[in-house]
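This note's numbering puts the first residue of the sequence shown at 329, with every later residue one more than the last.
These aren't lab readings, by the way, just hints derived from the structure by calculation.
Among the hints, erroneous ones may be present.
Stated by the list, open to error - Below, in silico cross-link-like pairs of lysine-lysine (DSS-like), each with a Cα-Cα straight-line distance of 27 angstroms or less: (1) LYS818 to LYS729; (2) LYS527 to LYS599; (3) LYS404 to LYS418; (4) LYS440 to LYS533; (5) LYS760 to LYS594; (6) LYS380 to LYS429; (7) LYS438 to LYS423; (8) LYS624 to LYS594; (9) LYS440 to LYS527; (10) LYS784 to LYS729; (11) LYS404 to LYS438; (12) LYS440 to LYS524.
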Amino acid sequence: MVLATSLSNLKAELSTYSPLYKNPHSFPELFDEDFSYFSAGIEDNIIPTNWKQAMATKDSQSWRLAADLEMNALHKNQTWIECQLPSGRKPIQVKWVFRIKRNSDGTIDKYKARLVAKGFVQIPGIDYNETYAPVLRFTSFRTLLTLAAILDLEIDHTDANNAFLNGVITEDLYIELPEGYNNNINNKDSGRTVGKLQKALYGLKQSPHKWNEILVQECTNLGFIQCISDPCIMIKRDQHLFVMIAIYVDDILFIGNNRPYLDEAKKDLFKVFSMKDLGPIHTCLNIRVIRDRQNKRISVSQEHYLKEVLTRFNMTDCKSACTPFDPGIVLTPALETENTTDAPYREAVGSLIYSLVLGGDSPTLTGYCDADWAGDVDSRKSTSGYAFFIGNGCISWRSTKQTSVAVSTMEAEYIAAATATRELLFLRTLLKELGFEQLNPTILYSDSQSAIANTKNLAPNHAATKHMDVKLKFLRDQVTNKTVSVEYVKNKRSSRRHTYQRITTVRL
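Please build the complete structure, drawing on both the sequences and the hints.
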């Protein structure tokens with residue numbers, strides 16, 4: 329089963345449901361028994377929002393055990409030392425955050441409790457400085473999976489236990505002792521017992537930065553080299569052997585072409601950090617990964633996750649929308665309804681990703697680009713779209729409104745090609761750093777012969793194109809440097825254009 333939707337469909341659905349979060353556990357008959365079991369589990373195991381709620385539920389013993397495990401990890405890590413609060417200092421409050429970790433089939437894996445600092449009260453320049461920490465780009469994630477499918481590479485999934493607690497705190501920070509483990513009688517006295525942080529804690533502004541900093545440092549010490557195109561990918565080589573690690577906060581993937589070499593790399597990192605070996609990848613970042621090594625294919629799906637999203641937004645019994653949506657639908661700001669503005673629209677859209685198949689025969693990059701012309705009836709701006717493939721796997725795609733009004737179809741198509749070329753440069757650099765350099769120009773298909781002629785400087789630079797000077801020179805430079813070759817493809821023959829072009833269900 330593949331679940332997908334479009335922005336417009338979600339918008340239309342949200343506009344018909346108000347208020348949200350009312351009756352959050354109503355479930356439709358249209359879903360299978362798997363989902364009924366999954367959703368029933370959610371209803372039976374209510375997630376508490378604070379310590380008192382956790383101790384009042386029927387699962388209080390499970391939550392208490394989870395909190396004890398968290399406290400043991402904090403003490404073992406020497407996260408703080410107890411001391412008297414200095415005069416004039418105000419401690420940072422902490423709270424318990426509870427959740428249930430589930431298996432891919434929806435059954436309970438374990439109860440988890442995490443102690444989180446209320447970092448929103450921290451003062452910049454005093455309590456923290458650097459906060460930035462990169463995460464793995466989903467384009468890079470799909471690229472790695474596609475390469476693994478084509479080249480039959482090993483993929484192991486690991487999880488760093490209490491990852492943020494590894495960062496070292498250099499600032500003077502004090503926290504309240506956590507509820508359930510706090511023996512202070514009078515919390516208003518300045519001399520009460522608090523914790524002076526030695527290590528980072530979840531919720532602090534600088535915690536992600538501190539964790540990423542020490543992780544990259546230790547991986548570098550083990551011989552890994554950080555990629556420039558995506559700093560969350562590191563690679564280690566020994567002649568023809570290689571192993572890559574992909575970092576998404578505390579989820580770390582090991583990808584390599586030799587099982588003993590990969591296991592050795594994991595063992596080395598496990599000596600530095602406390603980590604859980606989850607074995608060959610199955611579920612990662614709410615994405616289920618199904619592998620067919622014999623046919624060199626990897627399928628990725630978010631079926632269970634999308635069902636959970638429907639539950640969260642009280643839309644399990646809503647009327648399903650057509651996907652793809654009718655290209656004749658015109659969306660304008662005037663069609664906005666009051667119900668839509670009351671909904672957590674950005675959160676809902678951000679919860680939807682994809683379900684697709686990756687694989688192929690060769691790690692060769694190809695791309696497709698297209699544009700409409702003046703399709704936005706309000707601004708008369710055009711829409712660009714592109715999709716890039718390695719083998720048969722679509723690793724990167726985008727559809728976006730152009731920033732300026734194109735005065736011709738050629739200009740709209742040319743802007744689309746220039747936008748796609750910027751992504752193309754990133755992908756070529758990433759593949760080169762991973763050891764799969766594209767020796768020939770990457771073919772970028774377009775259905776506009778006039779735009780293609782301009783990329784090759786075969787069209788006169790007259791009044792119709794002189795205002796496009798910067799974009800003209802950028803794309804022409806890439807063609808001249810043999811980085812990209814823009815080639816013609818007929819509209820109806822390019823089945824891969826369906827990735828980003830609005831089409832009807834009948835045509836599919």
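Now the hints, each set against the structure:
1. LYS818 to LYS729: Since the Cα atoms of LYS818 and LYS729 sit roughly 23 angstroms apart, the hinted pair holds (cutoff 27 angstroms).
2. LYS527 to LYS599: 19 angstroms, holds
3. LYS404 to LYS418: 26 angstroms, holds
4. LYS440 to LYS533: At roughly 22 angstroms apart (the allowed maximum being 27 angstroms), LYS533 and LYS440 satisfy the hint.
5. LYS760 to LYS594: 24 angstroms, holds
6. LYS380 to LYS429: At roughly 21 angstroms apart (the allowed maximum being 27 angstroms), LYS429 and LYS380 satisfy the hint.
7. LYS438 to LYS423: Answer holds: LYS438 to LYS423 is near 20 angstroms, not above 27 angstroms.
8. LYS624 to LYS594: 24 angstroms, holds
9. LYS440 to LYS527: Between LYS440 and LYS527 the Cα gap is close to 21 angstroms, so the pair holds against 27 angstroms.
10. LYS784 to LYS729: 25 angstroms, holds
11. LYS404 to LYS438: This hinted pair holds, its Cα atoms lying about 21 angstroms apart.
12. LYS440 to LYS524: At roughly 24 angstroms apart (the allowed maximum being 27 angstroms), LYS524 and LYS440 satisfy the hint.
Taken one by one, the earlier hints all hold for this structure without exception.
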